[in-house]
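Peer 1: All chains, full assembly: derive it from the sequences and hints.
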Amino acid sequence: WLQYCCDSYKLDAAYISFSHFNVLGVQLCSMTKEDFTEAAGICGQHLYSILQDIRTNGEAEGDTEIQCKTKIKKLFNCSIFSFSAKAFFVSFLFFECLMWILIILGMQSSHLWEFLRDLLLSSEDTSGILDWEDQEQGIFRVVKSEALAQMWGKRKHNDRMNYEKLSRALRHYYKTGILERVDRRLVYKFGKNSYGCRSSSK
DNA sequence: CTCCAGTTTCCTGGTT
DNA sequence: TAACCAGGAAACTGGA
1 WLQYCCDSYK LDAAYISFSH FNVLGVQLCS MTKEDFTEAA GICGQHLYSI
51 LQDIRTNGEA EGDTEIQCKT KIKKLFNCSI FSFSAKAFFV SFLFFECLMW
101 ILIILGMQSS HLWEFLRDLL LSSEDTSGIL DWEDQEQGIF RVVKSEALAQ
151 MWGKRKHNDR MNYEKLSRAL RHYYKTGILE RVDRRLVYKF GKNSYGCRSS
201 SK
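Number 75 in the numbering used here belongs to position 75 of the first sequence; there are no gaps in the numbering.
Keep in mind that the hints were calculated from the coordinates and are not lab data.
Among the hints, erroneous ones may be present.
Unchecked claim - Estimated spans, in silico, between C-beta atoms of each pair:
#1 Ser110 x Leu2: 17 to 27 Å
#2 Gln45 x Lys154: 31 to 41 Å
#3 Arg141 x Asn193: 14 to 24 Å
#4 Ser167 x Gly25: 49 to 59 Å
#5 Lys10 x Lys156: 27 to 37 Å
#6 Ser8 x Thr176: 19 to 29 Å
#7 Glu146 x Thr176: 40 to 50 Å
#8 Val90 x His157: 53 to 63 Å
#9 Arg181 x Asp53: 42 to 52 Å
#10 Ser19 x His111: 20 to 30 Å
#11 Asn193 x Ser17: 21 to 31 Å
#12 Gly25 x Glu164: 30 to 40 Å
#13 Arg155 x Gln3: 17 to 27 Å
#14 Ser19 x Ala87: 36 to 46 Å
All C-beta atoms in this analysis are idealised placements derived from N, C-alpha and C, irrespective of residue type, glycine included.
Peer 2: What follows is the structure, encoded as structure tokens:
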């Protein structure tokens, strides 16, 4: 959602403390304007108003199916809506839903480097498996190599994954500029053709 | 169905 | 010795 907001509303992700937003949707909805400000300064206030806007317009995830149905029913019975406006409204709602589904599905990146990036940025409990060495420069260290390989294997439904094979996939990234070589064991660096790795826009 | 990028698998050989 | 790194070769896989 943060990524989506940053892209759509041209917000600078550098001001956002991503760890503050490592919460469930329900918890996000109950965060106050002050919480948002603390987590992301002026950006947080924008995010807060975007969220409030979504909530008051009735497309929020928090709405139950019944609440949604009632709202649609109410709007439908309102005579100021012409037939075409109704049709437009329905298709608008449909695409709105579809968009959210796509955004949510898109959060599960299928590429290895995106998987690593998201693991590093999520600051969810990675139990010291993977850590930033220098986030500004996009340098990170694999702490528990086999545990990381297991996580990647789980994502790809491949229980034969190991660090030997994962690291081969990482080395393929050197020639495409997704990663740059760092001459230290278990240390990698995001390259010029990666993006969204430094908790800033680039 | 083909084509392709992105791996996955396996390998030989080298380094820490 | 174990663990890691470099990169060739080829197979595989899911999406366009």
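Peer 1: Kindly indicate which numbered hints from before are broken by the structure, ordering the numbers from low to high.
Peer 2: Violated hints (numbers, rising): 4, 7, 8; every other hint is consistent with the structure.
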